[in-house]
Amino acid sequence: MSNDLHVLESLPAYALGSLDGEEAQVVSEHIAGCYLCRQELNAFQAVADQSLLAVPEARPSGDLRPRLMERIQSLNVKQSAQTVRRRFPGRLMPVGALVSLALIVVLAVSNFLLWQRLNNSEVLAGPLGMRAIALQHTSAAPSGSGFVIMGADGRNGVLVVDKLPILAETREYQIWLVRDSSYTDGSVFSVDEYGYRGVRLRAPDSLLSYSAVWVTIEPAGGSPEPTGERVLSGSLFNP
Amino acid sequence: MKSDGLDDILLVKLIAAAHTDALEQLYDRYNRLVFSVALAILGDRSVAEEATLDVFVHVWRGAKTYHPDRAKVNTWLVAITRHHAIDILRWQNSRPDTKSLSLDDVFLSNGPEMPDPEAHAELSLQQARVREAIAQLPPEQRQVLLLAYFKGHTHQQIAKILEKPLGTIKTRIRLAMQKLREMLLDEVQVTDKSEGA
Numbered sequence: 001m002s003n004d005l006h007v008l009e010s011l012p013a014y015a016l017g018s019l020d021g022e023e024a025q026v027v028s029e030h031i032a033g034c035y036l037c038r039q040e041l042n043a044f045q046a047v048a049d050q051s052l053l054a055v056p057e058a059r060p061s062g063d064l065r066p067r068l069m070e071r072i073q074s075l076n077v078k079q080s081a082q083t084v085r086r087r088f089p090g091r092l093m094p095v096g097a098l099v100s101l102a103l104i105v106v107l108a109v110s111n112f113l114l115w116q117r118l119n120n121s122e123v124l125a126g127p128l129g130m131r132a133i134a135l136q137h138t139s140a141a142p143s144g145s146g147f148v149i150m151g152a153d154g155r156n157g158v159l160v161v162d163k164l165p166i167l168a169e170t171r172e173y174q175i176w177l178v179r180d181s182s183y184t185d186g187s188v189f190s191v192d193e194y195g196y197r198g199v200r201l202r203a204p205d206s207l208l209s210y211s212a213v214w215v216t217i218e219p220a221g222g223s224p225e226p227t228g229e230r231v232l233s234g235s236l237f238n239p
Numbered sequence: 001m002k003s004d005g006l007d008d009i010l011l012v013k014l015i016a017a018a019h020t021d022a023l024e025q026l027y028d029r030y031n032r033l034v035f036s037v038a039l040a041i042l043g044d045r046s047v048a049e050e051a052t053l054d055v056f057v058h059v060w061r062g063a064k065t066y067h068p069d070r071a072k073v074n075t076w077l078v079a080i081t082r083h084h085a086i087d088i089l090r091w092q093n094s095r096p097d098t099k100s101l102s103l104d105d106v107f108l109s110n111g112p113e114m115p116d117p118e119a120h121a122e123l124s125l126q127q128a129r130v131r132e133a134i135a136q137l138p139p140e141q142r143q144v145l146l147l148a149y150f151k152g153h154t155h156q157q158i159a160k161i162l163e164k165p166l167g168t169i170k171t172r173i174r175l176a177m178q179k180l181r182e183m184l185l186d187e188v189q190v191t192d193k194s195e196g197a
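Heads up: the sequence lines are chains D and H, in that order.
In terms of this note's numbering, the first sequence is residues 1 to 239.
In terms of this note's numbering, the second sequence is residues 1 to 197.
Next comes chain H alone, as it looks inside the complex (with noise of 0.2 Å):
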């Protein structure tokens, strides 16, 4: 079957049928996002490759729990890959140095590849939209939310690990998420739609 140019919940559909083709297309569109984040929260590309390729044999063997009242698949698929990454990062039980992590690499920089603009349009749109916004928060409210979210780190660790008093670190994660919420109103509105469907 020819999947090129079906949209991604059919796709999906179509690996739950066991067409290999199907996973194919979805990793042409989506192998850079899902290792971009893998990238970003393990900090090496061998261990990022391998993370990549879990989360396809996961969409391989998993496509039927995908619910698409609940998520856009690129949500989903990253998703997934922030869960498995931070669970290696865990099993590993040697984080990268977090202090020395440039914020403006993980949040700010396009990088030098970018995605084709015509077949990834919709994600370089909201891909955009959300660099915006955490663009505008203020530097120690990026730096909490990439421990915190990318690095896996709870309230404690990061307190001790930027030297702060827990309850300026609760403070900041709580700033930086309402700021995003008010940011990204309407991409969280589509989801909420969705989830209460």
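Just chain D, with the same shape it has in the complex (with noise of 0.2 Å):
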């Protein structure tokens, strides 16, 4: 690649996070294929994480600590309890991971042939009670697109999406499933050269259980609840 077509002069912006969207875009699909415009993005990137070691100190309230071991506790409290509940569906797991199997299969073979009807319609019901849902994006990605199709019951179901930013190799893109207030890690994901990906959901209940899938934007590996920008969402309420 010649000189010329490197995006150099917007690496620090774009380590930054203040490009505008159009050229964010431009950037996330230049360094998708530009080994050095990426290895300068992480230079600057580091760069940027520095900078907020500069902060002056300041000194949280005395009751925070506490705060945050009550929060901890309840965390394991519920946790414990949820592994409880899951123990008897475990040891149906051979021949769930067989219908699982089956069923992944079905989904990617009509995740293309309903691509193309999703372009007007939030859902549409497709065979046996499956189900497809368009996902909005937002002007974090204002090119990108995708959607969830699940089964009848929502045991199993796929995201997949399109022309989603490249990101650099310090984030991660996330899905989460939304329900209240609380959120569960879909899984982690990145996007090959032209933004798109497939991949299945994992989810501890069925995902007709869920309010809405968001897609954000993590540091790689994932968090454990959303903390980036979001790029795509959708409603799964009564779809």
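Rather than coming from a laboratory, the hints here were simulated on the basis of the structure.
Think of the CB as a built atom: it goes at the ideal place given N, C-alpha and C, for glycine as much as any other residue.
It is possible that part of the hints are untrue.
[Stated by the list, open to error] The calculated SDA-like cross-link candidates involving lysine to any residue, where the alpha carbons are at most 20 Å apart (straight line), are:
| # | chain 1 | residue 1 | chain 2 | residue 2 |
| --- | --- | --- | --- | --- |
| 1 | H | LYS179 | H | THR168 |
| 2 | D | LYS163 | D | THR138 |
| 3 | H | LYS64 | D | ALA203 |
| 4 | H | LYS64 | D | ASN76 |
| 5 | H | LYS160 | D | ASP20 |
| 6 | H | LYS160 | D | GLU22 |
| 7 | H | LYS179 | H | ARG129 |
| 8 | H | LYS64 | D | SER190 |
| 9 | H | LYS64 | D | SER187 |
[Said to hold, decoys possible] A few chain H positions that, by computed beta-carbon distances, are all more than 12 Å from chain D:
| # | residue |
| --- | --- |
| 10 | LEU6 |
| 11 | ASP7 |
| 12 | ASP8 |
| 13 | ILE9 |
| 14 | LEU10 |
| 15 | GLU24 |
| 16 | ARG61 |
| 17 | ALA121 |
| 18 | ARG129 |
| 19 | PRO139 |
| 20 | GLU163 |
| 21 | PRO165 |
| 22 | ALA176 |
Mind docking these for me? Both chains are given alone in their own frames, and the hints should help you get the complex.
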């Protein structure tokens, strides 16, 4: 690639997250295929993260530590209860895994067939009660699109995205299944050079029990809860 | 298990294995840093305290996602804090009046409470280097850095806030980041090498 096509001048602003939609899209598409610019971006990202260390010292109130430990305690209690609830379904795993595998194959084939029909509708009812839900993009991914396809009982589903911005190595996309004010990690993924990816959704409960699905930008490896910018979202409620 | 004196990476590994005393130890080391970043971005102590709690709960639930080859623990923590705080700002859709923020308040003052030099020697050194580097930037470059990274504004929003041409804003951001990179070369190289590993 010749130098005049590089996006070196935009990388500092991209690392700060201050490029506007279209410019950010141009940069993300370029760095997907340019090792030099990716390396440069990683260096500027490191500078940006370092700059956070310059803030003046402040001290939170003394009761924050006990409040934190209370929250952790309450999380641990919830987690123990969930573990007990999951034991019984665990015995059915071999059969469940085979059924899931078969459904994934069906979903993948349906993916292509349904894609074009989704352009103008949010929800599409498919064969045997299958449903497809188109997701709305945000200004953080102006060209991005995606949809969720799920089986009739909501036990299995896939997310397919297209034209999402390529992220720096230190960032990944994360899927969130939203219910009330809680967020369940649905998977972490990166996209290929076209911004495309298909991902199986992982959820402890039926997908029908969640109200919405979000895709956010998170630190690589994912976060326990959404912390970054949302790029796609859609309602799963009464699909 | 006693976790006093363990290095940061080991602490995070212990947290991933559900050792609450390791989380307490990490909190003791970094609560001021996390709170300081949250406060600088959010401008409100009670909201910043909630954000601080959120960050450490995130760490508890997601410690296994930490990759020591990609970032130091303190950099990982402040990056999570910044993302979460900016997201809160956007959810609130009511950023503080950024025109009235003092650059020196955000970047240059050490504040009345310095970290314990023995317990935080490495972090203090790192912070001093970054503060010194940022202090050497012209005020107008510090200002755009503040608005972009600490307040989550885009080029166009910054141009509107400062009533300056878009090109001027782009140039200031680029120059500020290039100068910082030169001044913080060693710190950045450490990260580069580890990320490439």
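Numbers of unmet hints, in rising order: 15, 16, 18 and 22
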